[in-house]
Each structure stands twice: as C-alpha cells, then as structure tokens.
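2 protein chains.
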Amino acid sequence: MATWSAPGKVFLFGEHAVVFGKPGIAMAIKPRVYVTVRKTRHPPRVRSPYLENCFDIMGVNGSVYIHSQLPSSSGLGSSAAVTVATLSAINDEFDMNYTRADIGDMAYSVEKKVQMGKASLTDTHVSSYGGLVLIKGETKRRLAPQSFQLVIGNTLVSHKTAKLVEMVGEFKKEEPLVVDPILDAIEAVTIRSMYKFDDMKVLGRYMDINHALLEALGVGHPMLTRLVSEARAAGAYGAKMTGAGGGGSMIALCPKRSKNKVASAIEACGGKAIITTIDTDGARKERDYGRNSNSKIRR
Amino acid sequence: MATWSAPGKVFLFGEHAVVFGKPGIAMAIKPRVYVTVRKTRHPPRVRSPYLENCFDIMGVNGSVYIHSQLPSSSGLGSSAAVTVATLSAINDEFDMNYTRADIGDMAYSVEKKVQMGKASLTDTHVSSYGGLVLIKGETKRRLAPQSFQLVIGNTLVSHKTAKLVEMVGEFKKEEPLVVDPILDAIEAVTIRSMYKFDDMKVLGRYMDINHALLEALGVGHPMLTRLVSEARAAGAYGAKMTGAGGGGSMIALCPKRSKNKVASAIEACGGKAIITTIDTDGARKERDYGRNSNSKIRR
Chain C
39 MATWSAPGKV FLFGEHAVVF GKPGIAMAIK PRVYVTVRKT RHPPRVRSPY LENCFDIMGV
99 NGSVYIHSQL PSSSGLGSSA AVTVATLSAI NDEFDMNYTR ADIGDMAYSV EKKVQMGKAS
159 LTDTHVSSYG GLVLIKGETK RRLAPQSFQL VIGNTLVSHK TAKLVEMVGE FKKEEPLVVD
219 PILDAIEAVT IRSMYKFDDM KVLGRYMDIN HALLEALGVG HPMLTRLVSE ARAAGAYGAK
279 MTGAGGGGSM IALCPKRSKN KVASAIEACG GKAIITTIDT DGARKERDYG RNSNSKIRR
Chain Z
39 MATWSAPGKV FLFGEHAVVF GKPGIAMAIK PRVYVTVRKT RHPPRVRSPY LENCFDIMGV
99 NGSVYIHSQL PSSSGLGSSA AVTVATLSAI NDEFDMNYTR ADIGDMAYSV EKKVQMGKAS
159 LTDTHVSSYG GLVLIKGETK RRLAPQSFQL VIGNTLVSHK TAKLVEMVGE FKKEEPLVVD
219 PILDAIEAVT IRSMYKFDDM KVLGRYMDIN HALLEALGVG HPMLTRLVSE ARAAGAYGAK
279 MTGAGGGGSM IALCPKRSKN KVASAIEACG GKAIITTIDT DGARKERDYG RNSNSKIRR
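Chains as they are written, first to last, in our numbering: chain C, 39 to 337; chain Z, 39 to 337.
It should be emphasised that the hints constitute simulated quantities derived from the structure, not laboratory data. Wrong hints could be hidden among the right ones.
The calculated label-pair distances, taken between Cβ atoms and stated as ranges, are [stated by the list, open to error]: (1) Ala182(C) - Pro260(Z): 29 to 39 Å; (2) Glu305(Z) - Gln153(C): 39 to 49 Å; (3) Pro81(C) - Glu212(Z): 57 to 67 Å; (4) Lys294(C) - Thr177(Z): 49 to 59 Å; (5) Pro87(C) - Arg179(Z): 53 to 63 Å; (6) Lys294(C) - Gly273(Z): 38 to 48 Å; (7) Lys174(C) - Glu212(Z): 23 to 33 Å; (8) Ala200(Z) - Lys151(C): 51 to 61 Å; (9) Pro260(Z) - Ile95(C): 44 to 54 Å; (10) Ala200(C) - Glu305(Z): 38 to 48 Å.
Idealized CB from N, CA, C, for every residue including glycine.
Kindly generate the complete structure, drawing on both the sequences and the hints.
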C-alpha cells in the first residue's frame, strides 16, 4: 500500500494568453489530493476515467482510495493533482522507479486523453514539482518561491475549461484587432509582475489589471466580478479570476492581517474561501491517507 | 429675453483613448440644460465661473436663469451644455449673429479657461450640434443618428475628470507595454462598433469589452462595477462606464422592453437612472424656461 499526494495550482498571471504562446505564471498551492493505491487481485470494475487511464498507462491494476482537499471543476487543477498523485502511488506500490519527470509526462498524457486533447501542461507540471513556474509555449522555468499570501474564492459555479478556451480562440479569429492587443497587454502584465514580486501593492494592481483584461476576453462571470470586488473592499492588494473563468475560482493577494476578513467577505457572498500560500513540495509520499494530515486549510 | 437649451452627452466608446489620438464615439442625449438670458442694467455680481466667462467672451452682461435636467459632475457634459446654452442665449438676446460653429468654438474656450486647459472638445461640440459624433484628434465626423436605447446610471460618486485623465497619462508613461495595447484594444472596439450599429447584441458585447478595458486602465470604481453588473443582469445588451470613470456615470444599451427593469435595478443599488436616447437637435431656441418642457426624462 502506498499513499502519495500532489498539490493544486492557481494561475497568478497569464491564463488564456498562454494558449497563444504568451507567458503565464502558475503556483502550486497547499491544498492537495491524497491517493492510496494497493495491489489487489480483484480491482474495482467502475472507476473515474482519470484513474482508469492512470492504471492503463502504467500497465498494472489495483484499488484506489482518494481524499481530496481540492474542490473539483473549480479551476484549481484537481484532476491534474489526482492524476499525478495516483501515478506516483502506483509507481511506488509497484516499484516501477519512474522519475518525477516521467510521472509529469505521463500525467499530461492521461489528462490529454481524458480531456480529449485540451489538457493543460501547466497543471500536471506544477502539481508534480510544486513551486512557482513560468510557462511559455512548451518551456517551463522554475522561479524562486515567493510567500504570496492568497485567499482563493471558489464561486461554486461550474465551468468547462475546454469550452472557455475554445471560445477565446474563436473570438480571436473573429476579432483579431480587438483580441490580439488584449493578449499583448496580458503578456506585458505577466512579464512586469516578475519584477515586482516583492511589492505587494503593485503586484495586486497587476492582478486587478489582469482580471479586467480577462473580462475583456469575455471569460468573466457575475459571481467572479462580485467576489473580486468584495475581496478588494475587504483589504486585498488585488484580486483576479484564476484559470479559465466563466465560474471557477478567483484569487486575492492579501496582507496577512486581512486574510480572514477577505475570506469572510467571500463566504458572505456565497463563495467558498481557502486561505493558502505556496506549496514547494509537489508530489510527495505520505504516511497516512491525508484525512489526518496536519494542514491549516480552511475548507 | 432669450431661452436656449443644449443637450448632455455620453461616450459610447473610446473615452480616455481619445486623449491619446485614438477614435471615440460620443452621442448627445435627451436631457438638456435650459438657459434664459436677459439684458439688465445691473447684472448679478457673483456667478459661476462658466457663466462669468460666457459673458466675458461675448463682451456683454445680463442676468441668467438656469434649469438643468443634467446632474453636474456626473460625466454627462453638463458644464459644456450650460456653456453652449448660455452663449447661444446671449447671442440671441444681444442679436450678435454668431453661427453654431462660432458658439461651439467659444464654448470650448470658456471650458478650457475654467477647467485650466483640460477641457474636452467633444463635450462642447456634441452639445452644440447634437447627434452622434466620431472624434479623432482634432477632427470630428458626424455619423448617421442611431436610435440606441440607453439607460444612464449616475453613481452619485463625484469624480474629477482632469485628475483621472492625468492618472491614465502617468500610467501610460510608467507602463507603456501594458497601457499601449489596452489603448489599441479600445481603438479596435471603437472602430468595429461602427460596423455593428444595427446589431444590438454585438454592440452590447463591445460595450462590455470597452468597460473591462477601462477597468484595466485603472479608472473603474466599485459602484460603476456594481451598476454595470446589475444592468446586464436586468437584461441590458451590454453596459459600460461612460466618461472619465472613477465614479460618474455608466450607460446600458437596452432592449426597449427592458429599459424600466434596468433603470429599477440601477436605482435599487443606490444609483440614479435616466432612461434616454439620442438627441439630434443640439443647441436650440426654446419658448419657455424648460421647467414645463415636454420631456419624458426620468429624473
């Protein structure tokens, strides 16, 4: 029996623009998915497509127990975390000796298969390695970890990432003169942000700008608008939707002293708040199933 | 005794970007300012700087009675309307035979003097001529009038246009890589909108985009965000802040049947709604002081 866990992620900057070769910055977050795999003679016949494909790609079979701190379909990379943790646990339980890089690659294959070609390289990479990552096209550069204090607000409005990505693609085809400069502006904010990792006020302002530019791309949602506004009013340095938009989650960059207030403001609007910060471990072996893990996560 | 009136205006697209030579589209709206001027031997000694400068530039003196349907400091061009109507009434009362173009030019001079060089050419032009106007740099092109159904929402949050314009200018100087593409995107939406004057859904979407781009420029305000969101939820095709932002007013492009609902939604949030449409008269001579004018304006 082997238990592994892998973290969720948020996009700090550049989501959607990354699809068109622009840079994006993603960060692993503390909430994680715990997966326990056990060799069994008679594995269950019905399983989620992610788990099914994980066993398929590894060429073995077994039982799985999952405990997740990440809400699904919320734009926090929960499917990538499940996939990475499952592959890591299988690798361990069956003594297969794949490297972290191998696991990352296989996890991407699984995601791509299940999501019919639309998977995000970012999610599986960040979940495997943890930390802060700059993505541009196929390249990924690890950035020095930063202790950004975040409050995540889950709108509880489900969204389809693939559909939103497609929508922006079509909008770009129809209106390149409108969309191209918006993507250029997102690129500029993303690049500029890296020079301001130590200036929370400016970084918060960049998040506000990035949020508005995502709204201009048409991927906003009234509930995201509301949570972002309330987070700012409650003392956040800045706030933005994170991930595909159209529902899903937002993040607020906060002074430590304001995190509880921002979380309360989000919950008062009917959102679900998670107070968190960077995860630098990525996929890791666990001693228990995760239920008793010493996490400070607000759920 | 002569009474003249002149209309207010809204920016449909391109405000702030016009300051940097990009195109903007402004429209005269039904609410107007009525000004009655009378030759008197002993004119009042204390007057608003606008009125003072109107008499100064015309080289005469008299008494003035003003009745305004336009809230001041709300981004609806009330000072330009007062100035244009006052100059027109003076011109009439003193038989000075200035043309409409002369009045427009003089009104701009008065605004520029009172607002210390920061006046908008657009406001005085649109108030003089009425209708729909494309502005780009010093050139103004009259567009065919359109019967856009608008609800204006005044946030009742006062703002300083000159200060907001200056703020965007400084932002552009500090962050040209961020701000220049935002201005390019605003330009593209403004130009594209002219091909879609007959398609309210697309035009509404362009307004939504323009609003988000103005927020990205940093001239948003929580009350504008709220009124815009509520207007959309109440059935508007689209909505955006209009004018300098940071308070002031927003406009919602609406199906006729939704105008009352949108106006109610705005007022429920603490805004002041005006249901209106295009004015094609510009400055005009009136038979009464305006108090009894046959206007359908919701105030």
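Hints and how they fare:
The given range of 29 to 39 Å is respected by Ala182(C) and Pro260(Z), whose C-beta atoms sit roughly 34 Å from each other. The given range of 39 to 49 Å is respected by Glu305(Z) and Gln153(C), whose C-beta atoms sit roughly 45 Å from each other. The hinted window of 57 to 67 Å between Pro81(C) and Glu212(Z) holds, with their beta carbons roughly 60 Å apart. At about 53 Å, the beta-carbon gap between Lys294(C) and Thr177(Z) stays in the expected band of 49 to 59 Å.
For Pro87(C) and Arg179(Z), the hinted distance range of 53 to 63 Å is satisfied, since their beta carbons lie about 58 Å from each other. Taken as a hint, the range 38 to 48 Å holds for the pair Lys294(C) and Gly273(Z), whose Cβ atoms sit roughly 42 Å apart. Evaluation of the 23 to 33 Å hint for Lys174(C) and Glu212(Z) yields a pass: the beta carbon distance comes to about 24 Å. Roughly 58 Å separates the CB atoms of Ala200(Z) and Lys151(C), a value that falls within the hinted 51 to 61 Å.
Between Pro260(Z) and Ile95(C) the C-beta distance comes to about 49 Å, which sits within the given range of 44 to 54 Å. Under the hint 38 to 48 Å, the C-beta atoms of Ala200(C) and Glu305(Z), about 40 Å apart, fit the expected range.
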